[in-house]
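Here is how the chains run, residue by residue.
Number of protein chains: 2
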Amino acid sequence: MKTWLNVPADHDFSIYNLPFGIYSMEGVAPRAGIAIGDYVVDLQRCQNMGMFSDLLAPTMNVFKRKTLNRFIRKGKEITSGVRKIIQDELCKEDSFLRDETLSLLTPRDQVKMHLPVRVGDYTDFYSSREHATNVGAMFRDPDNALLPNWLHIPVGYHGRASSIIPSGKSIRRPQGQTMPKDAEQPVFGPSKRLDFELEVACVIGKNSKLGTSVSTEDAEDYIFGLVLFNDWSARDIQKWEYVPLGPFLGKNFASSISPWIVPLEALEHLKVGGYDQKDPEPLPYLKYEGDKNYDIELEVAIKTEDGSETTISRSNYKHLYWTMVQQLAHHTVNGCNLRVGDMLASGTISAPDESGYGSMLELSWAGSKEIPLSNGETRKFIEDGDTVIMRGFGNKDGKRVGFGEVRTKVLPSK
Amino acid sequence: MKTWLNVPADHDFSIYNLPFGIYSMEGVAPRAGIAIGDYVVDLQRCQNMGMFSDLLAPTMNVFKRKTLNRFIRKGKEITSGVRKIIQDELCKEDSFLRDETLSLLTPRDQVKMHLPVRVGDYTDFYSSREHATNVGAMFRDPDNALLPNWLHIPVGYHGRASSIIPSGKSIRRPQGQTMPKDAEQPVFGPSKRLDFELEVACVIGKNSKLGTSVSTEDAEDYIFGLVLFNDWSARDIQKWEYVPLGPFLGKNFASSISPWIVPLEALEHLKVGGYDQKDPEPLPYLKYEGDKNYDIELEVAIKTEDGSETTISRSNYKHLYWTMVQQLAHHTVNGCNLRVGDMLASGTISAPDESGYGSMLELSWAGSKEIPLSNGETRKFIEDGDTVIMRGFGNKDGKRVGFGEVRTKVLPSK
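Residue numbers (the working numbering), protein chains in the order written: chain A, 566 to 979; chain B, 566 to 979.
Mixed in with the good hints there might be a few duds.
Note that identical chains are pooled: a pair holds if it fits in a single copy or bridges any two copies.
What the hints assert, rightly or not - Computed list of lysine-lysine pairs in DSS-like fashion (alpha-carbon distance at most 30 Å, straight line): (1) Lys734 <-> Lys774; (2) Lys836 <-> Lys649; (3) Lys677 <-> Lys979; (4) Lys746 <-> Lys677; (5) Lys631 <-> Lys641; (6) Lys979 <-> Lys857; (7) Lys945 <-> Lys974; (8) Lys631 <-> Lys771; (9) Lys868 <-> Lys567; (10) Lys843 <-> Lys804; (11) Lys639 <-> Lys857; (12) Lys649 <-> Lys567.
Just so you know, these hints were derived from the structure itself, not from any lab.
Pulled out of the complex, with its shape left as it was, chain A reads as follows:
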């Protein structure tokens, strides 16, 4: 497959990718687009040209919207069909897309990206064995770091949907209540242990019905695509609040996502086998057939105010112990319903090796070690003015498919 557009071979948004997003620009209200190289394809204008007339009635307004929910709800036959048509046009020498007078392609540096979906519910899993072991060793007992349920259950909890923000939007350091070591009373103030969590989230593409469950076999039908997910965490707030009902204010001040949803079908060639789940074996509803992990390289960088950038972690999506299809089957086994636009985040993805730990908590081992930056500074946690950047991509058989990035600057508390 080869496009007439100039797309460098190492570009995340190759002809094999074609992710969906919502963008706007001067004079162009928010609408759905597909990214290709350094351009975005205006799907609304393509529809106006009649390019999707076999799939969508010309009057059916699914693209000129603030979110992709209505488009995604049409089902994969439609969404994959639209993507295939754009893919074909990008390879066809005499395509409409090449006609500059039609303005079907816009340079991406001219557009503003928005949240791609309205998120009904956001669930955060905890599916990396390395991360769970690291956190358990630090906070509880190094000899029994994994809790008894961890190898039986893809542990998860509900997060906050309202504070999910797109890449590029800054956050403020959260304030809150913490209990300093050896103190008698809690204190109030800006978090001193602001952290990121390197995650990947799936975006639900099909409603499931309340009272019914989705099997591991059917789970992929319910997943539209993936995004990078930075689950911001204030470790000191989290530590004081989280027993017994879980994280709340330590997490819900913000989660940042990459704005382009990579469709699941674009990741098919990156599939790899998962962990050997023999000791113990999961219950039957959690078993699955075939390769359901993905070989997606992930990295985290810190950019300081002086402009210097340091990559501080290199991990891979394939390090997840519990796969997405297991997470989804578990989530619905009690009859809980999923809705289009919901996000299921993976949990922090830490590599077995410390160079690939997915949070400052683990990289600095709860603040006991300093992480060197390229400008000579060091970090134990994230400081005001820092920008955290996450990137992710897979590359196999010459087909590179990537997520772009999620980038968030931290501003001081108000």
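Given chain A, work out where chain B should sit, using these hints.
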């Protein structure tokens, strides 16, 4: 204040109440209504008659909608104004509402009630000291039943918005993974410890901005009104999953609400003082002035398939240790944003006395006691075929304001 309509003095939906809901009926698409006695006022038709012309442009479509979100977003000046106009018309002898040819009033037994709002995020608090003490004594340590953070923090966690359902909709007993006592391996099957939780939720009426917080003083401006809330719980699933990240599948299969939102202003005369918070004193951001609790009687009944009904608990909203304004100030102190339609549930409201415990877990003391029903049966937890009914009302100075009920039947697992 006296209406020309025949409303019995002990009716929840008195002229002092006038709650908002979404209803439909044969030939009438979902729309906003106000309940009065055994009737519902059609707000769309009232608008068509020009009754709200000083408040809303005639073409402004806020009532003929599936949820109240757009109406509520207009702000209290508009929502209270609409309510006041209906209140005046219900008292005015020559009101349009009396003209039967206009069909502005419909008997409530002819309508179907829907979820009144689209819930963006649902948060569940844990604010009854009696409930937290009972649960702590049963699950952890009777001598240190309250965890160290409880008297400092209105503990809360995020629940599931997708599975919030209106009164009248049945639920299926959830299936899931549990770890039987003394077992080596978890097992899968229908929950054996299905439970309700007696709660009241507030519905957010105003967006707050990400990165900003709402003070206890301003909190009421952000609350549109209250509903009864049954936070269904599967105790055996919850027990095995909840450490360390909190309840998930043990809760997210369903939460039931009463369909009429009682506006905060209708509850003003029921305000009472809260608990003395001196030992310890809360941090400054959690302090508040004036009466912020409400004297609202709450009760739970079980109706069995033979039609017999037994009231098994009588509690009161005033037993909450942490008030709604404190919950809201805490929720936003880290900059977490609230959106119109969000729900903040109180947590199980247990009275100090065991006749007013707010869950079967507490009433049966973790299954060690049997609760007698009027038909001679007993219950430790909720059985298939049981209908759980919650009711709530306040009555002061001859002004009764109530919630109606939330009623949910439990069907067997599929």
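Results of checking the hints against the structure:
| no. | hint | in the structure |
| --- | --- | --- |
| 1 | Lys734 <-> Lys774 | between (34 Å within a copy, 14 Å between copies) |
| 2 | Lys836 <-> Lys649 | within (21 Å within a copy, 61 Å between copies) |
| 3 | Lys677 <-> Lys979 | within (26 Å within a copy, 47 Å between copies) |
| 4 | Lys746 <-> Lys677 | neither (44 Å within a copy, 55 Å between copies) |
| 5 | Lys631 <-> Lys641 | both (20 Å within a copy, 27 Å between copies) |
| 6 | Lys979 <-> Lys857 | between (44 Å within a copy, 28 Å between copies) |
| 7 | Lys945 <-> Lys974 | within (17 Å within a copy, 53 Å between copies) |
| 8 | Lys631 <-> Lys771 | both (19 Å within a copy, 21 Å between copies) |
| 9 | Lys868 <-> Lys567 | neither (35 Å within a copy, 67 Å between copies) |
| 10 | Lys843 <-> Lys804 | between (33 Å within a copy, 24 Å between copies) |
| 11 | Lys639 <-> Lys857 | within (25 Å within a copy, 47 Å between copies) |
| 12 | Lys649 <-> Lys567 | within (14 Å within a copy, 66 Å between copies) |
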